[in-house]
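Based on the provided sequences and hints, a complete structural model is requested.
Here's the letter readout for the chains.
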Amino acid sequence: MQKLSDITIGKEYIVKSINDDELAQKLLEMGCTPGEKIIVERKAPFDDPIAIIVSGFMLSIRKQDAEKIIVKKS
Amino acid sequence: MNTTKIKVVLAGNPNSGKSTLFNALTGLRQKVGNYPGITVEKKTGSCSLDDNIKADITDTPGAYSLYPKSIDEKVAQEVIFNRKDKDYPEVTVVVADATNLRRSIFLITQIIDLKMKVVLALNMVDLSLKQGVIIDVSRLSHELNIPVVAINARKQEGIENLKKAIVEANSQEMATSFFDVSILFKKIIEGTNELRNSENDYGSFLALCLQDTNVDNKLKDICKKYQFIPSRAQAQETIRRYKKIDAVVDSCCTIVKIKSNRSITRWLDDILIHPIFGYFIFLGVLFLIFQAIFSWSAYPMDLIDSWFTDLSILVAATLPSGVFNDLIVKGVLAGLGGIIIFVPQIAFLFAFIAFLEDTGYMARVGFITDKILRGFGLNGRSIIPLLSGAACAIPAIMSARTIASWKERMITIMVTPLMSCSARLPVYTLIIAMIIPAEQNWGPFNLQGLVMMAFYLLGFLAALGTAFILKFILKAKERSFYIMEMPSYKIPDWKTVIYTIVEKVKVFLFDAGKVIIAISIILWFLSSYAPGNRFEQIETKWAGKENAETHISAEKLEASYAGMIGKSIEPAIRPLGFDWKIGIALITSFAAREVFVGTMSTIYSVGDNSNIQSIRERLESVQNPDTGKAFFTTAVGISLMLFYAFAMQCMSTLAIVRRETNSWKWPVVQFIYMGALAYISSFIAFQLLS
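Protein chains in written order, with the numbering used here: chain F, 1 to 74; chain D, 1 to 690.
Hints in this document: simulated from the structure, not taken from any laboratory.
Facing chain F, a subset of chain D residues (Cβ under 10 Å, in silico):
#, residue
1, Lys69
2, Tyr242
3, Asp246
4, Asp270
5, Ile273
6, Ile368
7, Arg374
8, Pro487
9, Ser488
Quick reminder that beta carbons are idealized off the backbone N, C-alpha and C, glycines included.
Here is the structure:
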């Protein structure tokens with residue numbers, strides 16, 4: 001079990017849960033639901049924000065929010 | 001012939017090609033949003049569906065669901081959810097991106113469950129095919145139990161089929177549903193149905209989640225009674241809905257080859273958002289934009305300028321001389337020429353912004369600047385309002401609606417007018433041309449261009465500085481997020497870019513134009529008439545003397561109503577290096593900055609009975625009565641430019657800020673702080689330089 005903010009760029013993981021109601025509301029409707037594949041694509045300077053690929057599209061998200069997304073190895 | 005009219009709403013995710021479809025359907029039959037008191041958020045246009053049925057089409061801002069998170073998404077949700085909304089549709093067309101089918105159909109399944117008549121327009125099927133995914137359109141239609149039409153909005157393919165599908169959907173009752181939410185929340189939904197006097201389960205569920213205020217406080221009570229936490233329920237429902245969507249998508253899609261289309265996007269991203277080069281590229285892009293605005297538009301601007309001079313001469317010669325001739329040439333034409341000349345620059349500016357947005361680059365700029373902007377109380381999403389502010393603060397301030405956090409949105413709105421907008425351009429252009437010789441260079445750069453860039457930079461720095469101060473004054477109401485899709489790069493759709501340019505130029509010409517012409521006419525009256533018999537006295541005084549004409553007209557202007565107004569504020573603006581004539585221009589500029597050039601042109605042509613000259617030649621010949629040298633010295637010029645850089649001289653912007661913030665407090669604060677900034681900096685600059 002790892003936080004999205006800690007995983008290596010380019011490796012495929014699976015979304016386990018989003019530990020934050022407000023964040024979950026925003027991400028779920030975009031299709032970032034538990035069980036979906038997730039990859040950290042790249043990071044902006046200072047590692048914040050980060051670009052992720054989830055459910056087939058690229059999304060940017062801040063580091064502090066990535067810490068709330070729990071992932072597991074696929 | 002009998003024609004009926006129906007209302008059609010277009011909805012869909014951001015970047016799904018919704019606006020392209022809107023343009024394809026309505027062509028140039030679009031109502032241009034005009035300010036103030038407007039609808040730029042919803043665009044409407046009309047289109048014939050068949051021989052008998054016409055449609056009013058409303059385009060809504062992009063949204064992922066019917067759960068709005070920002071004000072622009074609220075607009076889309078309101079149209080679909082609120083039956084009392086004036087644009088509430090007979091048929092809703094949801095545009096879906098075939099390369100993102102799963103996410104794209106989430107919204108339509110919600111609308112299906114509201115029992116509305118819908119058509120799914122499946123866009124970019126060719127792209128999805130290229131990526132190796134075959135979508136079985138008839139199967140999808142069967143699974144969702146709604147009409148699905150494959151379209152290519154850019155190539156205008158499938159549009160006729162879509163129109164037929166809309167007509168057909170309109171003639172049938174909507175009976176299908178996709179996901180039955182009452183299996184999750186049976187009791188509370190039944191209770192809410194009763195309160196809302198409705199049988200629509202999903203409508204009641206949404207009302208609960210959104211705490212629809214139309215149904216008063218009883219909703220809160222019922223939530224308490226059943227321990228219903230809206231955010232949790234919404235998450236639960238979303239996950240279940242997606243499970244069902246996954247099953248549908250799986251059954252309709254065949255993957256023939258797994259090929260990532262990311263390669264080009266990834267390759268471009270490696271360069272464009274490189275941790276170091278990315279910033280230089282961004283600065284390079286900005287530099288290119290300014291170059292284009294200043295050098296490329298010079299040619300059409302000179303052309304327009306000479307046309308207007310010729311036209312003025314022609315009109316002056318053709319019309320019988322007298323008051324009417326004067327009014328047309330020195331009032332209307334002088335003012336009109338002052339507006340039309342900016343069209344090339346405005347077109348270039350908006351072309352670049354539309355181009356950058358359409359390619360997907362803007363989302364990247366947000367990505368590399370979010371961290372920096374956060375330090376100033378802003379958000380990566382603020383970059384679009386700030387950059388658009390270089391074109392015009394009005395659409396820029398409206399685009400701040402995509403910022404979900406109240407505090408960040410407020411700060412963005414408050415500082416965006418400090419960005420040098422296109423209305424300041426003519427003021428800068430005119431003054432720079434007068435105070436800095438065109439031949440002068442500073443190294444390899446043209447000095448005029450550098451000064452212009454310096455003023456743009458100054459506006460940007462002032463915006464950041466003000467944002468930084470506001471960061472400590474305003475209290476955050478909610479958490480700030482930066483969640484933004486970074487779409488794959490694509491070649492921009494030229495039609496969309498051109499439509500944007502046409503729309504913005506139209507708004508500028510007709511709305512700003514009306515104000516400018518009105519002010520030019522008023523100004524002409526004020527400067528051509530005086531109280532009592534002042535003019536007669538002047539004429540008697542100079543009668544028969546040498547150079548009487550020149551003296552008479554100069555003194556007449558001073559004695560006129562406009563002169564009186566200018567004189568009355570002269571003591572306040574003298575420390576800034578301004579005389580009463582500039583004072584008149586300052587006052588009229590409070591309607592809109594671009595009035596400055598027209599006003600100066602009108603004022604100086606009223607006082608000048610010699611031949612018709614271009615505005616620059618006219619101003620350059622103005623002398624300081626005390627020194628006998630040119631009045632527009634470097635000190636006066638810089639002071640005047642600083643004043644225009646900072647002062648809030650735009651009624652339309654104030655009106656839009658009032659509308660967007662829903663209070664007079666914000667525009668008033670903005671007016672005062674910007675005015676103070678302008679006065680103080682002009683004062684310091686003039687005192688130091690003179």
